[in-house]
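Below, each chain spelled out in residue letters.
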Amino acid sequence: MKQEFTIIIFSENHVGLLNQVTTVFTRRNINIESLNTSESAITGIHKFTVVVVTTREQVDKLIGQIEKRIDVLKAFVFTSDEIVHQEIALYKVHTEALMNGNEVENLVRQYGAQILEVHRDYTVIQKTGHKHETQELFEKLDKFEVLQFVRSGRVAVTKTNWEQLATYLRSLEGRNKVTE
Amino acid sequence: METKTELIVEKDEAKKIQMSGSHAVIQSLLKEGVNLVFGYPGGAIMPVYDALYDYHDRLHHVLVRHEQGAVHAAQGFARVTGKVGVAIVTSGPGATNTITGIADAMIDSTPMVVISGQVGSPLLGTDAFQETDVIGISQPVTKWSCQVKKAEEIPAAIAKAFYIARSGRPGPVLVDITKDAQANMMEFDYVPVTQVRSYQPVPTPDSDKIAEAARLINLSKKPLALVGQGVMLGGAEKELLKFLEKSGVPAAWTLLGMSVMPSDHPLNVGMLGMHGNVGPNVKTNEADLIISFGMRFDDRVTGNTKAYAVNAKVIHFDIDPAEINKIIYADVPVLGDIKETLPMLTHMVSNNTHETWVKEFRACDKIETQKIIQPELYPTKEGITMGEVIRRVSEAMNHDAILVTDVGQHQMMASRYFKFRQSRSVVTSGGLGTMGFGLPAAIGAKMGRPDRQVVLFVGDGGFQMTIQELGTIFQTKIPVKIVLLNNNFLGMVRQWQELFFDKRYASTELINPDFQLISKGYGIMSEKVTSRDQLDEAILKLVNSEDAFLLEVVVEKEGNVFPMVPAGASVSDIRLE
Ligand SMILES: Cc1ncc(C[n+]2csc(CCOP(=O)(O)OP(=O)(O)O)c2C)c(N)n1
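Keeping their order, the protein sequence lines are chains A and B.
Letter by letter, the first sequence follows residues 1 to 180 in the UniProt record's numbering.
Letter by letter, the second sequence follows residues 1 to 577 in the UniProt record's numbering.
These aren't lab readings, by the way, just hints derived from the structure by calculation.
These figures come from a predicted structure and were not determined experimentally.
Even glycine gets a Cβ: it sits at the ideal position worked out from N, Cα and C.
Please note: incorrect hints may appear among the correct ones.
[To be verified] Pair by pair, the computed Cβ-Cβ distance ranges are:
| # | chain 1 | residue 1 | chain 2 | residue 2 | range |
| --- | --- | --- | --- | --- | --- |
| 1 | A | GLN114 | B | LYS306 | 48 to 58 Å |
| 2 | A | THR160 | B | GLY120 | 44 to 54 Å |
| 3 | A | GLN58 | B | GLY33 | 36 to 46 Å |
| 4 | A | LEU116 | B | TYR329 | 47 to 57 Å |
| 5 | A | VAL157 | B | PRO122 | 49 to 59 Å |
| 6 | B | GLY125 | A | ARG28 | 21 to 31 Å |
| 7 | B | GLY120 | A | GLN114 | 44 to 54 Å |
| 8 | B | SER121 | A | VAL157 | 35 to 45 Å |
[Stated by the list, open to error] Computed list of lysine-lysine pairs in DSS-like fashion (alpha-carbon distance at most 27 Å, straight line):
| # | chain 1 | residue 1 | chain 2 | residue 2 |
| --- | --- | --- | --- | --- |
| 9 | B | LYS326 | A | LYS2 |
| 10 | B | LYS339 | B | LYS246 |
| 11 | A | LYS61 | B | LYS209 |
| 12 | B | LYS326 | A | LYS61 |
[To be verified] Every beta carbon over 10 Å from chain A, so not counted as near; a handful from chain B, in silico:
| # | residue |
| --- | --- |
| 13 | ILE99 |
| 14 | ASP299 |
| 15 | ASP320 |
| 16 | LYS366 |
| 17 | PRO379 |
Sequences are here, hints too, so could you generate the full structure?
Encoded structure:
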């Protein structure tokens, strides 16, 4: 059965790593629904957050292949209930729409969005939330014509209270030095 | 390149010496114990070639005739010695010509380092003359790769490359070095790499899993061991035999597991897979336990996976966690270095013989011998068979030569009929099935093991894919023995056309040149045999020749390799005709 998985990958911060990671997906014809890369909490270590819709069996194989890349330290896979996740969306609308009546303003309130910037011609609204929430707001706002819309990749933290990589790194320190 | 932070630095006491990046390349190779490299020069690698000139007494460079040849030769060298093979090439076309060999080494887990020249760093990304993004191109087919743009980073990059290439599950690594990095001066300081923080080459064995494996083996009535190249790469041949002899478990081998066990070992029940033996294929579905050692359940081995090992639990020994459950679900996965895990297993299994079970394999052998092997090896009809040539060459070499093959019918025939006494005696392109692999790989193999006979079996198709390497033989005088099995067809493809495409022989017939004339041009002695009665004498010449020798045997045009598990069929449905 296909379901949504969030994969969190920790890697060295080298040029070309994104390519190394994404080819593992493309080779297996698995579509990346969302991708975010950033520094992790550990200095010098990069973090990828990837969302895919696939089967448990496929995702386990995927993790194996990702971890096989030399520059990848560790990859973890989570179902949605194991993480707290967010996306951020920006909407650019005509300022006029905001001025003519209070419907837009009401939407902003109702959806817990924020007005980031008001310009003579346009206004930028920001909303964080899950994809269906930001999407819903988009559809509502589009009645007033959304000039630009963008949604970020998913970012996520795990519900367990320790950074899993830190544990992994500690286990590395205890590992035998030479392994040939 | 940010290698520095990842290395465990053991301070080298040796004085730091000023030198150019290109000298540092050579010095680093020497530090890794390399004394033989294969390569081809060109603009972007010229500083390294210039430095090679100063080291010709310590670092032997073999000039091939095409970069593909350099990589395949490095593979041949690596496969017979267990050391890292090295190839050096220029940027652009030089680098792209290595891709087939790199992909071949990747899928066959061959340790190799390819050093490619690159345009000067200011020119990167400008479509400069002979610039290609070789890192991007090679990324999916290398175990690791890196680009070096600063002279001072060369030693660390090469040290890391060698460590990654040979540790854990071996594989090819590419180091791309810009021309300015080769030319600039630096302080040479070599620190071998012994650990990379993001890379765990050998998983720690789990003794509970091994105990569980032993328990299943002790309970099993019909166990079958599958032996892959992993046993050879792990240097665990003796450990394997100890296990087999104590447990009495019969063992079959994959194409790359060939020669791990002596051919005449009583528990050796033959080859697995599409053109393997009847016994191990059919018995895979009768076995109640499959124990795989360092093999990856390639589709040419399993056939239809849904109809594979249907009655068996599976124990899978591997060094690579990504192989577990990739193709076949493992009831008991055992990760780790096989040289460590196998003795632990042997210790826990009880003494046993599976006499009746092993006899069942021998019964299959009987049928196969009668129907296929006997007529192939001892034909009475007119027309030389590939099998009889292979049998006679193996005999004449006392069943103790290194076998190199190209790809096609002759490869399968050689795998079926060549015999072995010692491990690391086979070089063949398994996973990629690269035609043109054989001739250069044989050159590398002979250079790696000059003390042993190296015999190449090659088809008339594949021979012409890298035939220019005869020039390398001519120049180096390397005594490779070549047996050209000429059927004037792309035989293996023709066989498929015959069996599955209504004998529509589209573009598989070859109008061939005079191979003896070609070999004469390259100063290589040759003999051509067209009838059976000339065969023994010609083979004797081949075996006894001090120099390279080409024996062309005109074989039956439309011979077929049997048995055969048709692609996608179950291993039980192996066809005898
Ligand atoms: C580079 C490459 N191209 C194409 C193939 C497909 N192929 C596999 S076997 C074969 C025929 C080989 O013919 P030949 O070298 O004459 O050997 P034979 O099968 O006759 O022994 C071909 C074309 C391949 N394996 N490799």
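Status of each hint after checking the structure:
1. Range check, GLN114 (chain A) to LYS306 (chain B): Cβ separation about 54 Å, and the 48 to 58 Å hint holds.
2. The hinted range of 44 to 54 Å is satisfied by THR160 (chain A) and GLY120 (chain B), whose Cβ atoms lie roughly 49 Å apart.
3. The given range of 36 to 46 Å is respected by GLN58 (chain A) and GLY33 (chain B), whose C-beta atoms sit roughly 42 Å from each other.
4. Evaluation of the 47 to 57 Å hint for LEU116 (chain A) and TYR329 (chain B) yields a pass: the beta carbon distance comes to about 52 Å.
5. Evaluation of the 49 to 59 Å hint for VAL157 (chain A) and PRO122 (chain B) yields a failure: the beta carbon distance comes to about 42 Å.
6. Checking the proposed 21 to 31 Å range against GLY125 (chain B) and ARG28 (chain A) shows it holds: the Cβ atoms sit about 29 Å from each other.
7. Judged by the Cβ atoms, the range 44 to 54 Å given for GLY120 (chain B) and GLN114 (chain A) holds: they are separated by roughly 50 Å.
8. Hint check: SER121 (chain B) to VAL157 (chain A), Cβ distance near 39 Å, so the stated range 35 to 45 Å holds.
9. A threshold of 27 Å between alpha carbons decides the hint, and for LYS326 (chain B) with LYS2 (chain A) the separation of about 18 Å falls inside it, so the pair holds.
10. Taking the CA atoms of LYS339 (chain B) and LYS246 (chain B), the gap is near 16 Å; set against the 27 Å cutoff, the hint holds.
11. For the given pair, LYS61 (chain A) sits about 20 Å from LYS209 (chain B) by alpha-carbon distance, which is consistent with the 27 Å threshold.
12. At most 27 Å may separate the alpha-carbon atoms for a hinted pair to count; LYS326 (chain B) and LYS61 (chain A) meet this at roughly 6 Å.
13. Taking the minimum C-beta to C-beta distance to chain A, about 15 Å, the non-interface status of ILE99 (chain B) holds against the 10 Å cut.
14. For ASP299 (chain B), the shortest C-beta to C-beta distance to chain A comes to about 15 Å, beyond the 10 Å cut-off, and the non-interface label holds.
15. Not every Cβ of chain A is farther than 10 Å from the Cβ of ASP320 (chain B); the closest lies at roughly 7 Å, contradicting the non-interface assignment.
16. Against chain A, the non-interface label of LYS366 (chain B) holds: every CB pair exceeds 10 Å, the least being about 41 Å.
17. The claim that PRO379 (chain B) is not at the interface with chain A holds, since no C-beta of that chain comes within 10 Å of its own (minimum 45 Å).
When held up to the earlier numbered hints, the structure conflicts with 5 and 15 and fits the remainder.
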